[in-house]
Every structure is written in structure tokens, then in C-alpha cells.
Amino acid sequence: MQFGPTTLSPAEESLRREVREFLAAELPPDHRPGLGMAARHDPDFSRKLAARGWVGMAIPPEYGGRGRTAVDRFIVTEELLAAGAPIGAHFVADRQTGPALLHYGTEQQRRTFLPAISAGDCYFSLGMSEPDSGSDLASVRTRASRVEGGWTVTGTKVWTSLAHLNHFFAVLCRTSPVEDGNRHAGLSQLIVDLHAPGVTVSPIPYLDGSHHFNEVALEDVFVPDERVLGEIGSGWRQVTSELAYERSGPDRWLSTFTVLREFLREGPGKAVSDEEATVVGRLAARYWAIRQLSLAVARALDAGAAPAVEAALVKEVGTRFEQEVVEVLRTCAETEVDADSGSLFHALLAEAVLTGPSFTLRGGTTEILRSVAAKGLST
Amino acid sequence: MSDERTLLTEVAAGLFRDLCTPEDVVAAEATGWSEPLWRALTEAHFPYVSVPETAGGSGGDVADACALLSVAGRYAAPVPLAEAGLLGGWALAAAGLPLPAGPVSVGVGRPRDVVELTGSPGSWRLTARLHRVPWGRRSTRVVVLAAVGGERYVVSAPTSSAQATPGRNLAAEPRDTLSWNGAAVSDDSVAPAPPGVDADQLRLRGALGRAALISGALARVAELTVRYTDERHQFGRPISRFQAVQAHLVHIAEEAQLAGMASTVAALNAAPDPSFFDVAAAKTVAGEAATGAAAAAHQAHGAIGMTKEYELGQLSRRLWSWRDEFGSERYWSRELGRRLAEAGADELWPRISTGLVSA
Ligand SMILES: Cc1cc2nc3c(=O)[nH]c(=O)nc-3n(C[C@H](O)[C@H](O)[C@H](O)COP(=O)(O)OP(=O)(O)OC[C@H]3O[C@@H](n4cnc5c(N)ncnc54)[C@H](O)[C@@H]3O)c2cc1C
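Protein chains in written order, with the working numbering: chain A, 205 to 583; chain B, 202 to 560.
Chain B extracted, bound-state conformation (with noise of 0.2 Å):
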């Protein structure tokens, strides 16, 4: 890692130490939201890490926003960073939109959304129904793209004029149903779509991001189990002791770094957007992992890890819901075998065999 990157990371932990403990991620469950967390993440300049510092953002790359979320998975923080940086600010920094102070969603377009834009330039209006929009009710603004006649625009919604239903996630992450009906949209929140900028590139974004926030979710994983192993004792010794129970750890070690080595690298090569393949790959291998380790966590902790309080449960909730956010394991290997039958069995090596191309 580069040595900025080390310290944005190193900052974050810290303050994630201080503001997002195994107790305030409870105590945030019951409202969706830890205000102070996300008031101390703005004035640390965390939510547009990524975002052009020219756009209003924090600078850095892909990478830099990746690592920090994959800190942010660490301690299970209930906050929408993922939605902030590497797609909402992403999407209106390159639009030329003005990024909001308060939280930014984003809807990726779901199969049952609806977006229409109609009118022009001082007479914008919003008819739309987004569906699951992480932390929708708690957001500012939603980031959405809409086509009028054969024009594609990046529209930076204003929640203020939305109706939200709640939903959430198996974590209790906030998971809202947004709509708009006619709104009035200033000009200051509509703008073309750049070259680029389309619902592909969002779920790539998404995708990518739910892989940093399980890789780092995921090594956590494994640093409690083995702690646990260790300490718990039953027929006189540690139950580490158990050959049954090694099989556990070595299972969830293998699968944390198998994830973490699939979306660093993924975010790594973003340049400085990220590819269809190694999203699709870093998904898949995130999402498998997520499962596999999560049961074998869940068995080597027996009745404790059944509980609300003990850190394990915040953690493998997630899990069970970020495997699933911006597509499944299932998903992103069926798109990703399809290109790869289309481009043939020869290409198939030099894909597999192309890992990290810059560092």
C-alpha cells in the first residue's frame, strides 16, 4: 500500500475505534444512523475520498476509497460511506454537480425502478420510485440517472421533496423505497451524463464497494474466531485444540484473504475507473467467502455468536446483506461467464492469469 494510503487508513481505524464500537453499532440499529460517526467521517474528509478535489471531493483514487471501506467493514459502521464517494460523488463530480454536505445514496436502477425525467432547463420535474436505497430517508440527496428524448442526465434528487417508505437490510441498515411525483428539480441538479457514467459503471461501483466493505468484515471474522478458539475451553483445553475446529479457522482465513485479495486488487487496477472483469470476479469470490466464512464462524462460536451483543452477529448480518447488494455471486459470475464463453476457451488463461496491472 502506499504510504498515504496506509496513513488514510490507519486515521480512519482510529477514529472508527473511538465512534463505531460493538455498542454503538446496536445502539444505531434501532434508527438506522450514528450521527455523531458520520458527523466525525465529514469532518475528517472521509465521504468523498475519490471524489476530484477540483469537484469539491477529498481526492484519491478507487483504491484509496476501497481500503477506507474496507476499514469501514471492519467495524461494521452503519453509514452510507460506500454511496458518498465512489458513486454518488463520483456520478456528480463528473457531471459537474455540486456535491451536498449531508449524505448521498444512490439508486443503480433495480428492475422495478422508475425514473422520469421531463421538462428542460427551469422547469425540471421528478417522477420516480427507487427501490432499497441504502440509507434513502437518511440521505440528502439521491444520486440517479435519467434519459430524456435521446439524452442521458446525471439528476442529484432531493429527498426533501420524496416520500419514504422504510425498509433495511438483515443488518437493519436502512434499505428505503424513495418517490417522487412530479418534484420540481432546480437546475443545480441536473446535468448531462458524461461518456462513462451509466448504470453499468454505477454497479460496478456498487459491486466493488460491497467487496471492500466484506473483505474487510471478513478479516475481522477471522481475527474473532481465532481469538475465541483460544480462549474458550471445553474438555480442558482450548477448543482450538480441535482438529474439527482448526478445519473452521483455516476455512475462514483462506476465504478472508481470498476476498481481500480479489477486491484490493480489483480497486487497485481501477484506472481509474474499475473493469467488468475484475469486479465480476471480486464480487463473486467476495460473496462466496462471505457465506463460507460467516457458517464456519458461526460454528466454531457456538451459543455465543447467537447473540445481539457479541460482535460476531453485527458482522455476519452484513455479510448475509452485502453478498447480495449491487448482485449476487450468482449474478456477477453468470455475466461474467457469459463474456467469457463469448470470448472463447483460448482467451480463457490470459484473463484468469492477468492479475494486478498497476500498482
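With the rest of the complex left out, here is chain A (with noise of 0.2 Å):
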């Protein structure tokens, strides 16, 4: 296992720099932080974040994108998080299915959807989940016949985020049968168009009670050939590797940033007690370390490694941290939380308690990760 300790250039730095600016400039003074990638679906800001080369960063140019490093990528997300700025909108298209296009995808597929990914224009939801396959996704029954042109596919997606707001989403489905037990191989992965005839697609109320969850059904819905993504057979190693992507990127550990930021701000101050102390210098001891081995694995994706084992442990220690720290504020500042109180802090707070347990479980739970590294580590 290596975690490089690394710095960043002066070109990195001016990057931040001009990101912080742009943040400075487009949030408005009232702007409400959202949590992570569960920051506001707003269009508008991820196309203007697009004009400035900072959605689509990891897609190359003459598909739309900007080639720019993973260590780039970081930057612009981790300042994006710490704003909570509102990123709902683009942020899976642009950390997932734009690599997954980019990597499996046709020409004509890469030309169709990843300029408009870039360009802030085009959004995907993931349709892994189904209501009897969670972390064991190779055993979903969403299942695609073969027609003449393409494809009709039939089942149920459900945890299906934004899909009531997005454009598409992948959907992982059995393309034939189980063979000699070898659940793995027979799985494809289609571009489903979510505006297509035969798809439903129906809210979950969440926790808080909002909207963010959905139940997709799929009745007959013809997916032309064209909209294959990879190859038919491969959805397996496809959706595995797409994981690795999304495992320890900064937000597996700054969802709940926003939160110990308000807590400095309205409540100690200068006049800190000794116990407040503590507990903000050890959260942000614990910050500047997570943050740098989450940085070595982008650094590590630049030079060409295959991190999976880092990526698998950042992601775990990082999700957990992200709930520890409302815990641990919540223990600190020793009052009711009211989410309707007119203070941001406990607006934050109170979002963070009803939304937390979702850190540990979405992308993969802690207790998957923590079989994927613990085979890495034996071997």
C-alpha cells in the first residue's frame, strides 16, 4: 500500500485560487449550504461552472471536455464542497458516467453525450439498485431482450437519486442468463433515456422528507443499439471499475464540512471553552489528514495506478468521519436541535442527522469496503 505525500504545483494553487474567486462571485451572501453531492440540483449553476472548464474536467477535449488531471478535478470539488455549493445537478455525470462513457463508450456515444456533459447540459442517475439486490448487485433481475435495433428492457430500479430531475441514467441489467453459476458474466449496462416510453418514474420520500429518491419502473422499454454502453456481456467489470472511481474523492469526507464551519461561526467564537477547543482542533487535525491521503490517491490515478485498495480505505475512514463529526458537534454544542430556528447552524446540523446513516451506505457500505480492502491488505 502507498499513499505518496504530494504537494501541489503553483498551477494547482492558482487553480484553487480561481475557483474560490468564482465561488466568492456566484453564491449569493444568503446562499444555503447544501451537505456533499446532496447540494441543490440547480442547472444553471452547473452550467456556469461548466463555462468555466470545471464540470467534465476528466473528458478530453475533442469530446467537449478539458483533459485535465484528477488532481485538478480534486481541487474544483473539494472547494465546491466546502461551499456546499449547489452541485446535485451535473455531479454524478461528471465524476461517473463521463469517465464510464469515455472508457467503454462508442464513438458515436462519446461524441453524443460528453460534450453535453461538459457543458453542464446533461445529467445521469445510476440504476444499480433494485428491491431484492443492494450490495450484491450481480444478482439483479432487470432484464433486457433482444429485438430487432436494440434492446426492450423490463424491472424495477429503486434509491434511483434525481432521477425525477436528470436526464438518463445507467441502468445494469441481465442481458442473458445465469450460465454454470457464473453470475458475473451476462450483465450489460444500458443507457436509458428517463423521459422514454414505458419508464415510471415515482418518488420515495426520504428521511427528511424530501425528494430525492425514486422507484424507476421499466416496462418495455426499447433501448436502441446505440445506446449500449461497453460491451454487451461486460456490465460486471464495467460497474466494478466504475466504484473504483467514486470510492475516495473528496466527497467521501467533506459531505458534512459546511456543518463544523457554522458551529465556528456562531457558536464559540473567540471565547472558546476548552471543550469546544478540543473538539475543533482534533475534527480539523483529522481533516487535514484524510484530505491528504484522498489527495495521494488522485495523485496516484495520475501517474497511472490502480489505487483500489487506498481508495477503498479513504472512502471508509472518510464516510465515517463525516458522521462522527455530527455527532460529535451535536454532543458539543448541548441543545435541541432545531432545524427551523433561523440559525444556519443548526439547519445544517439538523440535515445532517436525518441524512447521516446515508454516508456509510450509498456508493457502497462500510461493510463491503471494508472486505474489498481487507483481501487487498492480505495479499
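Source of the hints: derived by calculation from the structure; they are not laboratory data. Some hints could be false.
Listed next, the stretches of chain B that the computed footprint assigns to chain A, with coverage defined by at least 3 CB atoms under 8 Å from CB atoms of chain A [stated by the list, open to error]: (1) 243 to 256; (2) 482 to 488; (3) 547 to 558.
One-sided and incomplete, this derived list gives chain B residues near chain A with beta-carbon spacing under 8 Å [stated by the list, open to error]: (4) Val316; (5) Gly323; (6) Gln458.
C-beta: ideal position from N, C-alpha, C; glycine also.
Join the two chains into one complex using the hints; note that each chain is given alone, in its own frame.
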């Protein structure tokens, strides 16, 4: 295992300054920060960000992207998240579907989707989970049958974040039955238009009452051949490597940073008590250290390495830390959480308490990550 | 790591592998000392790494010294390596005082310590009581800071004129109380303290040294635990196959990596001296890592880990001591939190997002 300490180049530092200036100018003074990637879905903001070249950074220029490094994308992402910027519209397309299309997509798909993703105009959801398939993704039952010119898909996806606001989703489905017990074969990914005939998106109310989750029912939905993502039968390999991209970025440890910042602003001020100082100092120290592990993974990716175990460790420790921040601050504030009190700290704390359990579930649970990481440690 | 630093750590690892085996570490506990190891380290010029060559040191910087300490921590080396170069040697060289040939330790100004220097050149006298001085009775000199009138001085106090009351930490490393009662101190042992050579900087260096030792020990704890849980079978399979045990392995790996990253970055950022934020963060992270990883490693090992002979105990007992020495994680997080609160909410992110600044 190798996490090399890494420093930012002058160009990278100046990118950070540009993003900070942009955010200072763009976010209104009464901006209500969001919690990490669950921040507001705001197409205007996504397009403005894209106009600066900060969406689709991982996509090469010939497909409308910027061909930047993983570290450049890391810097932009961490600045956006630390500010609680409204990144909800483009975030999944930028982090996950864009790179997947680049690696596995056909030339035509790249030309169709990547410029739109990079312009902050085209938003994706993820269609992996089903009522009976969560951690055990290979058990998905949504199936696609061969028809003239494409496939027809039938099945039900659940927990599909923001499907009611996005354009497409990448659906993991079975394109041939399990043979010889090899469950990982016969799975494929299809790009499904969320507005196509046969697609029904219905809300599943989220714990805090908001509309985040959806059930997406697919009934004989026609998907033309040109919307098959990658190769038929390679779905498993594709989604598992996709999970690696999404593992260790700043979205896995910064979700509740704004809660700490507002605690510091509204709470103790300069007359900080010993207990408050200890809490703030400890959390800051851990943010500082976790950030550098996460950055080291981005640097390693740029160097062509495949730091899968490192990424799993960062996500495992980072997401548990996001939750811990909330509990430590709640204990320290010693108050009844009141989302409507007019205090930004309280509003963020309330949201963090209500949505916090999701941090260690989404994108692969803590338990699954531990198994992935432990296997890598022993070999 | 620079090539030179890599070479340094490789040579050091070879030396420790030969002269600091788990058996050697156990043997050294009786006396709190390993003469063969110290002699070999001295012959290799390791104690004064990071002290300028012009002052009689071995050259190199704080990051070199910390890289060396991380190797020493891995081998649970029972010698005052951190006290020699990063602390005592640094202060002596900065004040233009000679470096002793034997081990040097340091008194950083603990709450109950007393240091009174009186007289003037030709007639210096020292009355002092220093608590828990690392390897105090084994050292030739102990470096302390003293004030006379408005002047601050660095004193290289000879232990030959001190009374020593032995003490030890949880790993039986000597932590002695030393007293001088009006002892005469020669002119070549007292010099004005230059700006920057003060109690705060000594404490930062002490804490950074301990963070580096901790990170080395944790890397070894992680390795030992992976190896042991692969070898040990219960219920017909290696215990590393059980998810509950895997959770321990993952926890240890994470904490070891966090401590390693934090202490390495704090050391690399020293230009030339370590800074408050870096050290406070590194010692906080390393102390917490020591606690969590030692507990998980013992749990994963079962009873074998509770024996004196097995290597884990040599490491865990040091981790339990080093986390408290030169300021516990609570001390450093409180100091850090105070400064962050003073700087204000909007300075928090810029500070956290400043990692390694010089390579
Ligand atoms: C906020 C949020 C947003 C989401 N967005 C999407 C989305 O947009 N698209 C999408 O497809 N999915 C989405 N998900 C679903 C997410 O991917 C799943 O929640 C996750 O994969 C876990 O599956 P599950 O919820 O069915 O839990 P299960 O897999 O049923 O797990 C329940 C518990 O059992 C444990 N467990 C299961 N198997 C094992 C095992 N082998 N070893 C040890 N423990 C095990 C789990 O760790 C967990 O603790 C989202 C989830 C959340 C919380």
C-alpha cells in the first residue's frame, strides 16, 4: 500500500484560487450550503461552472471536455464541496458516467454525450439497485431482451437519486441468463432515457421528507443498440471499475464540513471553551490528514496507478468521519436541534443528523468496503 | 522521498534489524539501555541527523531526522534518538555550544520543572529539577532553557553533577527526574538562546519526533496483525477470513496511514523548523491512531498479544506512552482549536486544505 505525500504545483494552487474567486462571486450572500453531493440540483449553476471549464474536467477536449488531471478535478471538487455549492445536477455525470462513457462508450456515444455532460447540460442517475439487489449487485433481475435494432428492458430500479430531475440513467441489467453459476457474466449496462415511453419515475419519500429517492419502473422500454454502454456481457466489469472512481474523492469526507464551519462561526467565537477548542482542533487535524490521503489517491491515478485498496480505505474512514463530525458537534453544542430556528448551524446539523446514515451506505456500504480493502491488505 | 533520505532509512533499517531484534528490546528493558545499539548508531552518525555539519552534526533536515525516527519506532528502539538530533542537538548547535559525544536529552519545561541559572561567565551555577527526562540518567548532557535577568540561555547541563531518581514510561523506557543543586557549569555549557530557540519550538520538535516514532511503530503493528491473522486458524480457516477480524485490519491500516501521512507532511513542511499547525495536527492524529490501532491489534491477536515476548507488546506499550509524551492528543487538539477559533470560521477551510507545501 502506498500513499505518497504530495504537494500542489503553482498551477494547481492558482486553479484553487480561481475556483474560490468564482464561488465568492457566484454564491449569493444568503447561500444555503448543501451537504456534499446532496446539495441542490441547480442547472444554472452547473452550466456556469461548465463555462469555466470545471465540469467534464476528466474528458478530453476532442469530446468537449478539458482533459485535466485527477488532481485538478480533486481541487475543484473539494472547493465546491467545502462551500456547499449546488452541484446536485451534474455531479454524477461528471464523476461517474462521463468517465465510463469515455472508457467503454462507442465513438458515437462519446460524441453524443460527452460534450453535453461537459457543458453542464446533461445529467445522469445511476440505475444499479433494485428491491432485491443492494450490495449483491450481480443478482439484479432487470432484464433486456434482444429485438430488432436494440433491446427491450423490463424491471424495477430503486433508490435512484434525482431520477425525477435528470435526463438519463445507466441501467445494470441481465442480457443473458446465468450459466454454469457464473453470475458475473451476462450483465450489461444500457443508457436509458428517463423520459422514454415505458419509464415511470415515482418518488420514494426520503427520511427528511425531501424528494431525493425514486423508484424507476421499466416496462418494455426500447433501448436502441447505440445506447448499449460498452459491450454486451461486460456490465459487471464496467460497474465494478466505476465503483473505484467514485470511492475516494472529497465527496467521501467533506459532506458535513459546513456543519463544523458554521459551528465555529455561530458558536464559541473567540471565547472558546476548552471542550469546544478540543473538538474543533481534533476534527480539523483529522480533516487535514484524511484530505492528504484522498489527494494522494488522485495523484496516484494521474501517475497511471490503480490504487483500489487505498481508495476503499479512504472512503471507509472518510464516510465514518463525516458521520462522527455530526455527532461530536451535536454533543458539544448541547442543544435541541432546531432546523427552523434561523440558525444556519442548526439547519445544517438537522439535515446532517437526518441524512447522515446514508454516508456509509451509498456507493457501497462500510461492510462491503472493508471486505474489499481487507482482501487487498492480506495479499 | 529523496534518494538520500531513502538511503538513510535503508541503512538505518539494516542496522536496527541486526541490533534491535525483539529479543534485544526485551533485554534492554532491564537496564533501560542498549549500549551496542547506541554505539552502532553513533558510529553511523545517526544521532545528530538534522544538526548542521558546521556545528559538528551529521547534516540533513528535520524530514531526514523524522524518517529515521519512523524506522526507529518500527523497531521499538530503546535509545534517545529523537532527543539527540531534533531537540538537544538542534538547540546546542543553534546556540553555538559543543555537541557531546554521549547521549543528550532535553528538559522541555514541564509544569513542575524548576530551572535557575545564576552567576555570569566564569561562575555559572545551576539549580534545577527536571521531571521525566527521557533517558535522563543515561545521557551525558541535558539541554534546558534558562532565563537570567532579561536574557534567555541554552544550558548544556552535565548529568555527572545531577542527582537522578529513576522513572520509566509504560514501555520501561527511562523517564528520570534529575536535580542539580547549585552545580557549577562551565562556560562552554552556557550560551544565549538565539531567537526561535524557545520552549514552544522544543515542544513542537518533541511532539513531531513522537509522531514520527508512532507512525513507524504503527506501520509495524499493521504488518504484524495482517501476518498473524493470516497464519492463525480457528474454525478451520484463517481468522483473517472473518469479517469482524477484517474490520480490525482495515481500522489499523487506516490509522497507520493517517499517522504516517500526518507526521511525514509535518516533517517535510519544516522549513527549517516545524510549524504549529502541522505539528499540532500530526500529534493529534498520531495519538488517536496509536490508541485505536493498538486496541484493534490486541483484539485481533488474542492472548498471544498479551505476552511479554511477542513483538506486539513492545510496540503497543510504546504507543501508549508516546501518545502522551510532549503533549497528548487532547492537549494539541485544544491548542489547535483555540488558534482556529481565533482565526475565525472562514479561515478554517484554507487552513485544512493546505497540506504539503514544500517537497
Ligand atoms: C442516499 C442514497 C442514495 C442512493 N442512490 C442510489 C442511486 O442513485 N442508484 C442506485 O442504484 N442506488 C443508490 N443507492 C443505493 C445504494 O447503492 C445501496 O443502498 C447500497 O448498495 C446497499 O444496498 P442496500 O441498501 O440494499 O443494503 P443491503 O445490501 O441489503 O445491506 C444491508 C446491510 O447488510 C450488510 N451486508 C450486505 N451484504 C453483506 C456482506 N456480504 N457482508 C457484510 N455485510 C453485508 C450491509 O453492509 C448493510 O449493513 C443509494 C443509497 C443511498 C443511501
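Comparing the hints with the structure gives:
| no. | hint | in the structure |
| --- | --- | --- |
| 1 | 243 to 256 | violated (count 0) |
| 2 | 482 to 488 | holds (count 4) |
| 3 | 547 to 558 | holds (count 9) |
| 4 | Val316 | violated, 27 Å |
| 5 | Gly323 | violated, 47 Å |
| 6 | Gln458 | holds, 5 Å |
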